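*Asks:* Listed below are the residues making up each chain.
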Amino acid sequence: MTYIFDSSLPGLLTAVFEWFERKPGKVVLKSVEMFQPEAFAESLTITTNTEKADRVWLGLQKKLKKEWLRKFYCSYLSEIPEAYNHLFQFTIYIFQNKMGAEANYGNDHVMALSKYARSVEREKHRMEAFIRFQHTADGIFYTGVDPDFNVLPLISNHFKNRYADQQWIIYDLKRKYGLHYNLTTVEEITIDFTNGVNSKNPEAILLDNKEELYAVLWKDYFKSANIVARKNTKLHVRHVPKRYWKYLTEKQVN
Amino acid sequence: MSFDRIREKLNILADAAKYDVSCSSSGGTRKNDGKGLGDSHSSGICHTYTEDGRCVSLLKILLTNHCIYDCLFCVSRKSNDVKRAAFTVDEVVELTMNFYRRNYIEGLFLSSGIFKNADFTMERLLLVCKKLRLEQNYNGYIHLKTIPGASDELIKEAGLYADRMSINLEMPTEAGLKLLAPEKSHEDVIKPLAFVQQNITQFAEDKKLIKHIPKFVPAGQSTQMVIGATPESDKDIMYTANAFYKNFSLKRVYYSGYVPISNDSRMPVLGTQPPLLRENRLYQTDWLMRFYGFKVQEILNDANPNLDVDIDPKLSWAIRNMQHFPVDVNKADYRMILRIPGIGVMSAQKIVQARKFGKLRIDQLKKIGVAYNRAKHFITCADSPIQLKDYQGTQIKAFILAESQSKYLKTDSNQMILF
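Going down the list, the sequences are from chains A and B. Sequential numbering of the first sequence, starting at 1, is according to the numbering used here. Sequential numbering of the second sequence, starting at 255, is according to the numbering used here.
None of these hints come from the bench; they were simulated from the model. As the structure is a computational prediction, the values presented were derived from the model and not from experiment. No residue lacks a Cβ here, since even glycine has one placed at the ideal position from N, Cα and C. Some hints could be false.
As the list claims (entries may be wrong) - Straight-line distance between alpha carbons at most 25 Å, and here's what the computed SDA-like set of lysine to any residue pairs gives: (1) A/Lys65 <-> B/Met600; (2) B/Lys385 <-> A/Ala164; (3) B/Lys289 <-> B/Pro472; (4) A/Lys115 <-> B/Gly623; (5) B/Lys469 <-> A/Asn157; (6) A/Lys115 <-> B/Cys300; (7) B/Lys385 <-> B/Phe470; (8) B/Lys620 <-> A/Ser114; (9) A/Lys242 <-> A/Asn232; (10) A/Lys115 <-> B/Phe545; (11) B/Lys285 <-> A/Leu179; (12) A/Lys62 <-> B/Gln607; (13) A/Lys63 <-> B/Gln607; (14) A/Lys176 <-> A/Asp192; (15) B/Lys337 <-> A/Phe222; (16) A/Lys234 <-> B/Pro528; (17) A/Lys219 <-> B/Arg338; (18) A/Lys210 <-> B/Asp344; (19) A/Lys210 <-> B/Asp258; (20) A/Lys223 <-> B/Cys300; (21) A/Lys30 <-> A/Glu42; (22) B/Lys370 <-> B/Ile444; (23) B/Lys610 <-> A/Leu60; (24) A/Lys234 <-> B/Asp306; (25) A/Lys23 <-> A/Glu38; (26) A/Lys223 <-> B/Thr342; (27) A/Lys210 <-> B/Met351; (28) A/Lys231 <-> B/Pro514; (29) A/Lys246 <-> A/Glu128; (30) A/Lys174 <-> A/Asp148; (31) B/Lys385 <-> B/Asn265; (32) A/Lys223 <-> A/Lys251; (33) B/Lys620 <-> B/Gly647; (34) B/Lys285 <-> A/Leu183; (35) B/Lys620 <-> A/Ile80.
As the list claims (entries may be wrong) - Anything over 12 Å on all C-beta distances counts as not near chain B; from chain A, calculated: (36) Pro10; (37) Phe20; (38) Glu21; (39) Lys26; (40) Phe35.
Put together the whole structure using the sequences plus the hints.
*Replies:* Laid out in structure tokens, this is it:
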């Protein structure tokens, strides 16, 4: 039996609700994008229902500590197709067992969530580290990113607390939405990039006139801080994987 | 300010500061109250890594590389023929603020050569901190070097604005230091370290009674030793580190492999490779002391004054102490599980939690993250194969070395063993 859902979080939680309504035995959860009908397997399309979803979420809150609710949410943000099924099975497992069942690292779903959460948290941390703002002519600090996972919801608070006195935009180019901090709140925005603006690198004309200066100073600093006698390219690339170099000011050739 | 001049200054003063290895930005507790700039991330953030693989978290610069001392191991020593430069207080403040705003850095690491005298230097450093905190409303990280010999009042005031303070021991033993820097002694370091430590304790005591009390060096103190410039043994180095961890509650001791910068006959010649492997083994020992419950005497003692080069100190200890193994991971104490080669802190914690739900098997241990090929020689679990032969420590070492590749040894030392 396969359950098909719309890959939203309420959809996933509704699927759990429906399973407990029907108790159909072994079920695999798939998102509608990944579902391919099979000849002899039954399937059920889940209609997302916020009330049902809320009830499941409330139940989870009673069963799990904050740390695990976060792991659950992070795993969801990974957007990995198999993660959805693990989340589904994990939730059922948690409801069917006594408090504290999430500590059972011998369980496949517990281990899977723990791994997904780790990957997502790592990506979140990398965004906090590797994002480089460019000061634009209208005073906003801008950056465009394309993280492996949907981590913008996780980094919003970090940047809001840190850069409380400057307007900033972090734009997810892959998922086509961004965060804009307007000195009071963070709002979700979408930008239309079609009218000739290069999204990864706003044209120099749009930048503040001191931007270039600090970028050059930073590149200089990066070179000066290196000790040539200790060169270790393997370690360097392990810490800063090449796919992130496009963000990094210090990695751009003049 | 002229752009070219500021570029030149930054190049000179960043280059001179890079031999200080500490780049930690963790342990800060400053929060952005309202509309300032910056807050601290408790675990710190490495914003980039240099091509030698070291973390760049802070803007690490000297205020000046003019220095009245002539320490042989230091690039900025008086007698060395290098370009000299000095930042103004405002230049440092502006660089820090602008780098921070672009998310390049977590904060500032400010050190300095000693010009005129200790107090004069310390005053300038303090001025930078005060400008950042009071005028710019800056809450990011500040790591400040305590200048040995500066007055207590200045050091105490600096502690109110800095997150971390540090003074370098430079050489692991007094004898080593005397050899290369006759004007200095460990006593110069111990006095201010102890003074700052007393104040940290005092502020913590007062905090219990008074709710609103300013922070004092919230991220603690650290120090650094240069490794391989003088002929100390690993035991000398780690016993010194251990004593400083104990006596001054240091957050970190850093070990910096000496990079030859001088042709003096008392030191390794120019072009000698820095002792990277040795440095790595010392850090591993440091970690075993701080996170794995090992006493330094268990790892290094008169019988074993130096760490093994071919295997890590944890494996080395296990092989010397085979009477403790094999350990049953389903029963043993957490502290004993931590001592098994191939099991780290995270895996050990998971094992202790997971085994409440049933005896753990090999496949589960692998999924938990245990390096099973290494650990298998030291553990039993639910489905361990029956071991008919009792292997000697040396045999196990040979097994492990045969299937592992050291990242440091260019030639494989094991390939010739035939008999």
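*Asks:* All hints are to be evaluated individually against the structure, with a verdict given for each.
*Replies:* Right, here's what the structure says about each hint:
Of the supplied pair hints, the one linking A/Lys65 and B/Met600 holds, its CA atoms being roughly 19 Å apart against a limit of 25 Å. Between B/Lys385 and A/Ala164, the direct Cα distance comes to roughly 19 Å. Compliance with the 25 Å bound is thereby established for this hinted pair. The straight-line distance between the Cα atoms of B/Lys289 and B/Pro472 is roughly 22 Å, inside the 25 Å bound, and the hint therefore holds. Between the alpha carbons of A/Lys115 and B/Gly623 the distance comes to roughly 10 Å, so the proposed pair stays at or under 25 Å and holds.
Of the pairs offered as hints, the one joining B/Lys469 and A/Asn157 holds, with about 24 Å between alpha carbons and a cut-off of 25 Å not exceeded. Distance check on the hinted pair: A/Lys115 and B/Cys300 sit about 22 Å apart at the alpha-carbon level, within 25 Å; holds. With a C-alpha separation of about 17 Å, the suggested pairing of B/Lys385 with B/Phe470 holds against the 25 Å cut-off. Of the pairs offered as hints, the one joining B/Lys620 and A/Ser114 holds, with about 14 Å between alpha carbons and a cut-off of 25 Å not exceeded.
Distance restraint check for A/Lys242 and A/Asn232: the Cα-Cα separation of roughly 15 Å lies within the 25 Å cut-off, and the hinted pair is therefore satisfied. A threshold of 25 Å between alpha carbons decides the hint, and for A/Lys115 with B/Phe545 the separation of about 23 Å falls inside it, so the pair holds. Proposed proximity of B/Lys285 and A/Leu179 is supported: the alpha carbons are some 22 Å apart, at most 25 Å. Pair hint A/Lys62 plus B/Gln607 holds up; C-alpha atoms about 20 Å apart against a cutoff of 25 Å.
A C-alpha spacing of about 17 Å is found between A/Lys63 and B/Gln607, which places the hinted pair at or below 25 Å, so the restraint holds. For the hint pairing A/Lys176 with A/Asp192, the CA-to-CA distance comes to about 9 Å; that is within 25 Å, so the pair holds. Restraint check: the Cα-Cα separation between B/Lys337 and A/Phe222 comes to about 19 Å, which is no more than 25 Å; the hinted pair holds. Taken as a hint, the A/Lys234 and B/Pro528 pair is honoured in the structure, with Cα atoms around 17 Å apart against an allowance of 25 Å.
A hinted pair counts as satisfied when its Cα atoms are at most 25 Å apart, and A/Lys219 with B/Arg338 qualifies at roughly 21 Å. With a C-alpha separation of about 17 Å, the suggested pairing of A/Lys210 with B/Asp344 holds against the 25 Å cut-off. For a cut-off of 25 Å, the pair hint linking A/Lys210 to B/Asp258 stands: about 14 Å separates their Cα positions. At roughly 16 Å between alpha-carbon atoms, A/Lys223 and B/Cys300 fall within 25 Å of each other, so this suggested pair holds.
A distance of roughly 13 Å separates the Cα atoms of A/Lys30 and A/Glu42; the hinted pair therefore holds under the 25 Å criterion. The suggested pairing of B/Lys370 with B/Ile444 holds, with an alpha-carbon distance near 22 Å, which does not exceed 25 Å. With a C-alpha separation of about 22 Å, the suggested pair B/Lys610 and A/Leu60 falls inside the 25 Å cut-off, and the hint holds. The hinted pair formed by A/Lys234 and B/Asp306 meets the criterion: a straight-line CA distance of about 9 Å does not exceed 25 Å.
The straight-line distance between the Cα atoms of A/Lys23 and A/Glu38 is roughly 22 Å, inside the 25 Å bound, and the hint therefore holds. Proximity of A/Lys223 to B/Thr342 is assessed by CA-CA distance (about 22 Å); at most 25 Å being required, the pair is judged to hold. The hinted pair formed by A/Lys210 and B/Met351 meets the criterion: a straight-line CA distance of about 13 Å does not exceed 25 Å. About 14 Å separates the Cα atoms of A/Lys231 and B/Pro514, which keeps this hinted pair within 25 Å; it holds.
Annotation: proposed proximity of A/Lys246 to A/Glu128 holds, straight-line Cα distance about 15 Å (limit 25 Å). The straight-line distance between the Cα atoms of A/Lys174 and A/Asp148 is roughly 9 Å, inside the 25 Å bound, and the hint therefore holds. Note on B/Lys385 and B/Asn265: the hinted pairing holds, with a Cα-Cα distance of about 23 Å set against a maximum of 25 Å. For the hint linking A/Lys223 to A/Lys251, the alpha-carbon distance of about 10 Å falls within 25 Å, and the restraint holds.
For the proposed pair B/Lys620 and B/Gly647, the alpha carbon gap of about 23 Å is at most 25 Å, so the pair holds. Taking the CA atoms of B/Lys285 and A/Leu183, the gap is about 17 Å. The hint holds against a cut of 25 Å. For the suggested pair B/Lys620 and A/Ile80, the alpha carbons sit about 22 Å apart, so the restraint of at most 25 Å is met. A cut-off of 12 Å between C-beta atoms confirms that A/Pro10 is not in contact with chain B; the least separation is 30 Å.
Remark: the non-interface label on A/Phe20 is consistent with the geometry, its nearest Cβ contact in chain B lying 23 Å away (cut-off 12 Å). Chain B leaves A/Glu21 outside its interface by the beta-carbon criterion, the shortest separation being 28 Å against a cut-off of 12 Å. With a closest Cβ-Cβ approach of about 21 Å to chain B, A/Lys26 is found to remain outside the 12 Å limit, as its non-interface label requires. Even its closest Cβ contact with chain B, about 28 Å, leaves A/Phe35 beyond 12 Å, as expected for a residue assigned away from the interface.
The structure is consistent with each of the numbered hints, conforming to all of them.
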